[in-house]
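As given, the protein sequences belong to chains A and B, one line each in that order. FYI, my numbering numbers position 24 of the first sequence as 24, with every residue one higher than the one before it. Start counting at 1 in the second sequence, then tack on 1000, and there's your number in my numbering.
Mixed in with the good hints there might be a few duds.
Derived DSS-like pairs: lysine-lysine, alpha-carbon spacing no greater than 25 Å straight-line [claimed, not checked]:
hint, chain 1, residue 1, chain 2, residue 2
1, A, 97, A, 38
2, A, 184, A, 60
3, A, 97, A, 111
4, A, 38, A, 111
5, B, 1007, A, 137
6, A, 184, A, 142
7, A, 97, A, 60
8, B, 1012, A, 137
9, A, 174, A, 137
10, B, 1012, A, 142
11, A, 60, A, 38
12, A, 142, A, 111
13, A, 174, A, 184
14, A, 174, B, 1007
15, A, 137, A, 184
16, A, 174, A, 111
17, A, 97, B, 1012
18, B, 1007, A, 142
19, A, 60, A, 111
20, B, 1007, A, 97
21, A, 111, B, 1012
For the record, the hints were derived by calculation from the structure and aren't laboratory data. Just so it is clear, the structure is predicted and the values come from calculations on it, not from any experiment.
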Amino acid sequence: MPVGHAVHSPSYIVTAALLAEGRHQYGFNWSGGLHHAKQSEASGFCYVNDCVLAILELLKVYQRVLYIDIDIHHGDGVEEAFYLTDRVMTCSFHKFKDYFPGTGHIEDIGKDAGLYHAVNFPLDEGLDDESFIYIFKPVINKIIENFRPEAILLQCGADSLAGDRLGCFNLSVKGHGEAARYIKSFNIPTLLLGGGIPYINAGGYTLRNVPRCWTYETSVILGEELQNEMP
Amino acid sequence: MENQNSKAYLDKTIEQIVDNIGRLVNRPGVQLRINGGEVFTH
Chain A
1 MPVGHAVHSP
11 SYIVTAALLA
21 EGRHQYGFNW
31 SGGLHHAKQS
41 EASGFCYVND
51 CVLAILELLK
61 VYQRVLYIDI
71 DIHHGDGVEE
81 AFYLTDRVMT
91 CSFHKFKDYF
101 PGTGHIEDIG
111 KDAGLYHAVN
121 FPLDEGLDDE
131 SFIYIFKPVI
141 NKIIENFRPE
151 AILLQCGADS
161 LAGDRLGCFN
171 LSVKGHGEAA
181 RYIKSFNIPT
191 LLLGGGIPYI
201 NAGGYTLRNV
211 PRCWTYETSV
221 ILGEELQNEM
231 P
Chain B
1001 MENQNSKAYL
1011 DKTIEQIVDN
1021 IGRLVNRPGV
1031 QLRINGGEVF
1041 TH
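Produce the entire structure from the sequences given, and follow the hints as far as they go.
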């Protein structure tokens, strides 16, 4: 459904295609973000990697696509899919030690043509807004400056919020949304993905967190101020 | 084991990652043919 210069669709293919056609600057698919699925196996509640499929759709039009992952878990399926190419850069901020899926070491930086095109920022539990924003901005700024992506895919896993049943970071909705706000400032076509159905989709396992988070981030992208009272 | 949320760790990691990303500037050009037609270069 078109929303001004943005579009929301439950289909990653439709959303990515509309973005690729240049008809919309921003796309949302809150029911996506299944970043653990591999080419031949399901993993971590993810049965199909819509992030990878959406990026493949964007690559039909755009030369370089940047994938950013702020889910508390490492975006292993997406990193693996594009580990050898220089057309996709992946950047994941995640809890690392003794935590699923166990990948995402800082020394994993891509290989062959994809060397230096994988970025991993391993973190401990308890990461707060201040620290998250402190690391997110310089890393993303440097990537955009050097990689010059033509499109961005932002996986907004809400399990990095404080109080999540599976996660152990300490981000507020506003801190989490600051990532979307910063990405928007670059004015690059962006597709936002993330868990929209708690307990089923990737990223966001506490019922009250997920709708609050995605509603706020939708408002950030659309430039709309939200009222506290429900309409 | 080092606290991966300490400012020292965050600063060190930012520096390492930014240094790696800086190496992209000198990446070799590539040519890719999509659907047998368009050629992308950079």
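* Looking at the structure, which of the earlier hints fail to hold? -> Numbers 7 and 16, in rising order.
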